[in-house]
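Number of protein chains: 2
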Amino acid sequence: MQSKAHYHKTTTLQQAICAARDGSADLVIKNAQFLDVFTGQFRAGDVAVQAGNIVGTVEEYTGKQVVDGQGLFVVPGFIDAHVHIESSLMTPARFQQAVLPCGTTAVIWDPHEIANVQGVEGIRWALDASEGLELDVFVMVPSCVPSTTPALELESSGAELKAQDILEFRHHPRVLGLAEMMNFPGLLHGDEDVMNKLVSYGGMQRDGHCPGLLGRELNAYGVAGIHSCHESTSLKEAQEKLSKGIHVLIREGSCAKNAADLLPLLNAYTSSVLCLCSDDRNPADIVAQGHINCILNLALAAGHRPEEVFRIASFAPAQICGLHDRGVIAPGYQADLCLLELNQQGNWQAGFHIHQVIKAGKIITAEALETVAQHRTCQQTGRCNMNMAPVQPAQLHIAAHEQQVKVQVIEVIPNQIITQKKKAILTTQDGNVQPDLEQDIIKIGVFERHHGTGRSSIGFVHGFGLKAGAVATSVNHDSHNIIVVGANDAAILQAMQRLQELDGGIVVCDDKGTFTELALDVGGLMSHRHPDDIAQAIHQLKQHAKRLGCNLHEPFLQLSFLALPVIPALKITDQGLVDVERFCLTSVLC
Amino acid sequence: MQSKAHYHKTTTLQQAICAARDGSADLVIKNAQFLDVFTGQFRAGDVAVQAGNIVGTVEEYTGKQVVDGQGLFVVPGFIDAHVHIESSLMTPARFQQAVLPCGTTAVIWDPHEIANVQGVEGIRWALDASEGLELDVFVMVPSCVPSTTPALELESSGAELKAQDILEFRHHPRVLGLAEMMNFPGLLHGDEDVMNKLVSYGGMQRDGHCPGLLGRELNAYGVAGIHSCHESTSLKEAQEKLSKGIHVLIREGSCAKNAADLLPLLNAYTSSVLCLCSDDRNPADIVAQGHINCILNLALAAGHRPEEVFRIASFAPAQICGLHDRGVIAPGYQADLCLLELNQQGNWQAGFHIHQVIKAGKIITAEALETVAQHRTCQQTGRCNMNMAPVQPAQLHIAAHEQQVKVQVIEVIPNQIITQKKKAILTTQDGNVQPDLEQDIIKIGVFERHHGTGRSSIGFVHGFGLKAGAVATSVNHDSHNIIVVGANDAAILQAMQRLQELDGGIVVCDDKGTFTELALDVGGLMSHRHPDDIAQAIHQLKQHAKRLGCNLHEPFLQLSFLALPVIPALKITDQGLVDVERFCLTSVLC
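These protein sequence lines map, in sequence, to chains A and B.
According to our numbering, numbering within the first sequence proceeds without interruption in unit steps and concludes at 590.
According to our numbering, numbering within the second sequence proceeds without interruption in unit steps and concludes at 1180.
Bound conformation, chain A alone:
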């Protein structure tokens, strides 16, 4: 693994050795206590930094720049072991602006969403857009694009990636391996393309995703060389995975929150085999609550020892992912450092806040991150995000001859991405089945946006509570076609039209033609805007949806998962309504 901690020039190495030996460095933190993750002690003494790396600890150093760490604790920078940056709605440069000040100095990104939209081109963009940032972004190559076997024709993704398509990324210096293998049914049945992907990424990290898999099936999953999983939701499940040599990534995302359930796994012995990850975390949560630092505070509040808690955020993921140049505060390791202040002096259980972050020896400032982000704004994917003709009113019709019909309805469950199947009676008008606001049954539509096929489907959904207007978004897992819900056809058409004008994003409109919107100009998934602006836009969008009657806490996130045909029970894609339990298309009319 090529990394910044290695000196590529003998002269730089000579200078660093000289600095370490003679006691004079670029930057020195004095008077703090720093965590030694090898023995689990907080130690007093200087931490000296030169040319991006730590050159001295404990002994006294003079520095061109001196940071007074009186009363502070220094811990290694945090590593997010599995994240979809796209879920933050931010480009990598904006994401770093949001998470670096939270102490996250490296992330392992599965650019699964942009890969679903743009295929290998999306992965190339992800690598380019994350190159040379302050934040170290390592990439896992998406293994399951699209989420379902294309032969099933359950959805139309922007791209389909076979084993040979992803070969080119193996040797990229920041690619660590193959991303979450969600297709565990395919794996267990020896699907040839799945096998080819696993074999061609042999000798590299191959990440897992196997919710609920246990017993011999879990054994079989491990046999494929997959030794990590971030999908455990119960302690028992996580314990079995851990005991089967599968590193458990404790996830605390915006929807999936597993820290409380899984933290009891942590002790001195396991502090080298566990990691933390955010997976999917929305912009509002990152801006308001933070990133990996949130999980650390949860763990400390639960009474876990800081030397164990901070180890699973740094040294453990570094070791597990083969990033041997980081995660330790000692000479010759990358100077990725968080200076922490306790919320209550001497009491870790009351938590900490970030005082300062040093990344590769540089003190992180808001100004510098903003400059980088602005500079990167011009870095587009070079593609139009919407390859589709304007939606016609007829596309929204559900035809029926009877006056009353029985229909299948997707029932949204608040704060969950699974749905339930519901049946309802609706009336028809001029041969078209009508929504019923009284029953909270409104239309939901998915429109193919990648290949200009004009394919679309319409169904009904219960649980949004919209009494007027419509909500549309191009963020729609995993295929990211357009998904829209609306109280009436006119509002849906308006929202769709505006979303097309924006070239992707999130739109809320009312019946009078008033819009709230967030353009997501990169792939219809990410924005170049400032994290605070994005969080603010989401807030305004939510408020607007609320005014229209929407009673969901996370309307856009919930909407974004209604087209994912691998999560039970009833979903809708551009191909039609999907009965996930039977893994086949089904009709709206019963």
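It is worth saying that the hints were derived from the structure and are not from the lab.
Incorrect hints may have been included.
Partial list, computed: chain A residues near chain B (C-beta under 8 Å) [what the hints assert, rightly or not]: (1) Thr39; (2) Lys162; (3) Leu187; (4) Gly190; (5) Val223; (6) Gly245; (7) Ala268; (8) Pro331.
Below, simulated BS3-like cross-link-like pairs (lysine-lysine); rule was C-alpha separation at most 30 Å, straight line [claimed, not checked]: (9) Lys9/A to Lys1136/B; (10) Lys620/B to Lys1136/B; (11) Lys9/A to Lys362/A; (12) Lys1057/B to Lys1102/B; (13) Lys162/A to Lys599/B; (14) Lys236/A to Lys620/B; (15) Lys1057/B to Lys1136/B; (16) Lys64/A to Lys512/A; (17) Lys406/A to Lys362/A; (18) Lys1013/B to Lys1132/B; (19) Lys847/B to Lys1012/B; (20) Lys30/A to Lys952/B.
Treat the numbers as computed from the prediction; the structure is a model and nothing was measured.
Think of the CB as a built atom: it goes at the ideal place given N, C-alpha and C, for glycine as much as any other residue.
Chain A is fixed; fit chain B onto it per the hints.
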């Protein structure tokens, strides 16, 4: 890192997944308890193996072959994190025959001795001779050949390896990095060739060797990316190294025995950052006492918990060295397994013995190892080991005009490789200074054997106790020229002649021309003979030396270090007597 645990064919992977899922494998261990190194628990249940890898744990499996593990414990195969195989006097195939039955399933070899004799050709031979064995032999490329800077002209090694000479080995699939950087003075002073070696092996493991280095100098050493050391001799030294991010390898060799002093480092937290190693272990010790298993028994006897003890012999070195395919008993890891029987049921403190070893899924048998070793006997280095003319009597003379002279004498200290400087008065005869058996002062000579230069030097040594005969050997750290001690010139000449006829090895002869000998036909360092035969030969050589008056416990090992000019205080090389404290040549006559 390419490794055996990865399936290179989709069909093999499919079969393994199928076996794991369906419960039918090649080999199943039943009724044992196996160690789960992720959580530190011994667990009940089957361990199923297929095509070299573990395919199932806990769940029930049927096996073509079933091993009844009733009353046994299964732990991951042991890893020797730093060894010079040459010190066993065995070729790799013979070494595996000695250590695999002791539970060692992988070693990390620094072929430093053969590299000093034969240079890059020696390293190539080391890679060839260790290819395709049952034992996994990973190689670290020697960083310090010869041991001293050639410009000092303190000794003549067989080869000199500059940074560009060792570049070719970087990409070998079993090369993990750069071996022990003994030249820490050179490193601390930014020596260019040392820098070039460190930089060109950047991103790979770079092993350390820094006895007694502390404080800012230790910081500087770590800055060079060196994060391991096996030379700590005190707990305090090891604690400082560990706290500075340097993995401590606890060594228990034949001479250097550090386990008792360093084992107090071990606890649940540090069990992921410590390793074990043998460094230099002689054939008699391996045959009589074992290998890494000995250190494990010492640790258990000291009261350490088995889950911590076995972790530092398996999972920890595997992680640290990036061998992510092993060290864990779980599906998808290599099936390197030791079946242990407790010496006293239920009491780890009383130790264990090895019941059976399974390497990459195969039950290790003595017959199979003997077959491999015999097959490999023909694998020579293809070189003559001795490039030198017969020694002439005049080469043994030390001329002086006075009747009595004061001389500098090397004083051997039993069981240590350091020496003391001694002064003595000797008499001359026909202009030649004579040894004095009464004072136990005899002649010691070193003869260049690599380049046919005819260079030799003669001095005096105290402490061998020889009253007759001579001892000569081609094992002579690190340059491995011939070293000889003898009670008289005639015996020395006889021993030298016989050693030349053998093309290297160890020879003891008496004054009547009776020889005891062990030929070391590979580089004058290693033998193709059975480990038991080598141990027996050493025993006979020692007995013969004892009959000649030698009172040292390890006469050949001690002799082998008298030419190493980096260990204090007075040494002798082919260039002459070396004052190590002043790092220069000195004369025999005061």
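For each hint, the structure was consulted:
no. : hint                   : verdict
1   : Thr39                  : 6 Å, holds
2   : Lys162                 : 13 Å, violated
3   : Leu187                 : 7 Å, holds
4   : Gly190                 : 4 Å, holds
5   : Val223                 : 5 Å, holds
6   : Gly245                 : 3 Å, holds
7   : Ala268                 : 4 Å, holds
8   : Pro331                 : 3 Å, holds
9   : Lys9/A to Lys1136/B    : 55 Å, violated
10  : Lys620/B to Lys1136/B  : 51 Å, violated
11  : Lys9/A to Lys362/A     : 20 Å, holds
12  : Lys1057/B to Lys1102/B : 13 Å, holds
13  : Lys162/A to Lys599/B   : 17 Å, holds
14  : Lys236/A to Lys620/B   : 24 Å, holds
15  : Lys1057/B to Lys1136/B : 10 Å, holds
16  : Lys64/A to Lys512/A    : 62 Å, violated
17  : Lys406/A to Lys362/A   : 64 Å, violated
18  : Lys1013/B to Lys1132/B : 28 Å, holds
19  : Lys847/B to Lys1012/B  : 27 Å, holds
20  : Lys30/A to Lys952/B    : 56 Å, violated
The earlier numbered hints that this structure contradicts are 2, 9, 10, 16, 17, 20.
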